[in-house]
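**Student:** Just so you know, the sequences run in chain order A and B.
First residue of the first sequence: 1, per our numbering; consecutive thereafter.
First residue of the second sequence: 321, per our numbering; consecutive thereafter.
Warning: the hint list may mix true and false statements.
Stated by the list, open to error - Here are the simulated BS3-like pairs of lysine-lysine, each with C-alpha atoms no more than 25 Å apart in a straight line:
1. A/Lys15 <-> A/Lys194
2. B/Lys407 <-> B/Lys577
3. B/Lys577 <-> A/Lys135
4. B/Lys542 <-> B/Lys577
5. A/Lys135 <-> B/Lys542
6. A/Lys194 <-> B/Lys407
7. A/Lys82 <-> A/Lys135
Keep in mind the hints are simulated off the structure, nothing from the lab.
As the structure is a computational prediction, the values presented were derived from the model and not from experiment.
One-letter residues, chain by chain:
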Amino acid sequence: MKNATQALHDLQRWKIWEPALWLLALASPWLLGDHALIINEIAIVALFAVSLDLILGYAGIVSLGHAAFFGMGAYAAALFAKLVMPDPLVGLAFATVVATLLGAVCSLTIMRGTDLTRLMVTMGVAMILMELANKLDITGGADGLQGVVMGPLLGRFEFDLYGRTAAWYSITVLLVLFVLARRLVHSPLGGTLKALRDNRLRAMAIGIPVTARLALIYTIAAGVAGAAGALLAQTTSFASVDVFAFDRSADLMLLLVIGGTGWLYGGVAGAIVFKLLQDWISSITPQYWTFWIGLFLVALMLIGRERLTRPWTWFGGQKK
Amino acid sequence: MLTILFDGIAYGMLLFILAVGLSVTMGLMNFINLAHGAFAMVGGYITVLLMQRYDVPFLLCLPVAFLGVALLGAVLERTLYRPMYSKPHLDQVLFSIGLTFMAVAAMDYFMTSSQQIIQLPEWLKGRTEIGQGHWMLGMGHYRLFIIAICAALTVGLQYILARTRFGSRLRASVDDQRVAAGLGINVNVVFLLTFAVGSGLAGLGGALGAEVLGMDPSFPLKNMIYFLIVVAVGGTSSITGPLLAALLLGIADVAGKYFIPGFGAFIVYFLMIVILIWRPQGLFVRKGGKA
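Starting from the given sequences, assemble the full structure and let the hints guide the process.
**Tutor:** Next up, the structure:
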């Protein structure tokens, strides 16, 4: 029998399929050159989902307003490119820092109350930011922030019309932040997060500083979401109030639940499935695709994800 | 000044009727039903259809909307909602968001996405003004009508919950399902009826609010946030909490939109966040009640 340390190390060791998966992801804009735009979109949504997974799956904080940080990152990156300098990497860093600061402030709002309180407060923050972006002059109001010109990446690679550079850029950022997040959740710090997710009272009793840990992970997740938003603004050269929309937060929660929470790849898998599904259904019925997404969601919840992904358990008696 | 206050109260009363069913399902049955707005929308559309296609008088439409949506609620409770009661809150939220998406898309398909307009009867269209100058009070008759109906409903609901046998059964079932069932209370029927009445009230609210809030397929998405704010701020353990919260919200919203036109919605959200940070369980919580 292996000892506990050994078992914990095994859990966090890189599996063989993981580097293979990432190599495939990095090769995808080259292999599927025509679909580089949607690959870029998937990478951004995946990063956003990883960020939500950090707080929902690992710390148990429900949020219907995660788009607040996404949007903050998007506007910060767009404004930075427009007003200060067009270099993407500096802009990305700037946007991440801004979103992180916002996250640190907002982490004060999620400490108390029930799930319902948290859902409402997070949603309220996103709505307030949306109103601000809508009303302020500097953000361009309802028309969105136009006239953003991005400089070439690393001074060499121009963002082209087909989105290949954009796809590579997004996937690379996703990979870097994913590795960092993976390191984080498997560290002792990540262990304490899982402990307080499962039982906050006991976590407190064994000496975990619950409030500080919640604030920390919320701030980090906000930064990651801000990076995702910055990627969107930079690769599309545009930011509109839509980045704060309630749909975005709700869709994000949905795709994370499809992929599975508390497992970083859940966000990535959910993003791929959701985006392809959305693309496919909306090409059949552009106006009514939400109906099928809704139906899918209802079925998923009624049957349960565990059973839906294991069709062989559908028949043959319930175990009591 | 007084006119703004009056409009705010009318709006708040309307919000209360729309949200009280939500408060009951959430507080008493511990189920987060984000599809509540969809029930309200169905009520609104029943009224629109009856009035436009069959020339049914407005007053008759209100009970029809109530009963129709209550029936729909009962059927859905029995078939879809009951298995969800024991699931975690997150599952319930996603499940009911899914239902809302379906309802919105279905309404879009059957009724087109344009806004529906209700022709009010003549006697509800007027406006009475009292007083002079700065303190003039202008009361739209329809808003007066809304306030009257909602006040009557509030008193009725409070009476049913606090004084009747059904009310005590409901409260018993909520406090402890197993013990209540052991005492011979049919918990499932109690929940079914409560859910149906809550949905029916949403339908009635939708019918009443079609003229004020506007009725189009995105109604549940646009207004659900307001209902949730009412419930979150008011707390879910009583009828009076959501009522006061709804009035506060209604007045704040109308006043905000009047005095600072650009930032109307902003004020409401800001108020909600401040209140929820200050009193996370809601403003009006029963002391010693079940959290």
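**Student:** None of the hints should be skipped; say for each whether it holds.
**Tutor:** Each hint, compared with the structure:
{"no.": "1", "hint": "A/Lys15 <-> A/Lys194", "result": "21 Å, holds"}
{"no.": "2", "hint": "B/Lys407 <-> B/Lys577", "result": "40 Å, violated"}
{"no.": "3", "hint": "B/Lys577 <-> A/Lys135", "result": "14 Å, holds"}
{"no.": "4", "hint": "B/Lys542 <-> B/Lys577", "result": "17 Å, holds"}
{"no.": "5", "hint": "A/Lys135 <-> B/Lys542", "result": "19 Å, holds"}
{"no.": "6", "hint": "A/Lys194 <-> B/Lys407", "result": "20 Å, holds"}
{"no.": "7", "hint": "A/Lys82 <-> A/Lys135", "result": "19 Å, holds"}
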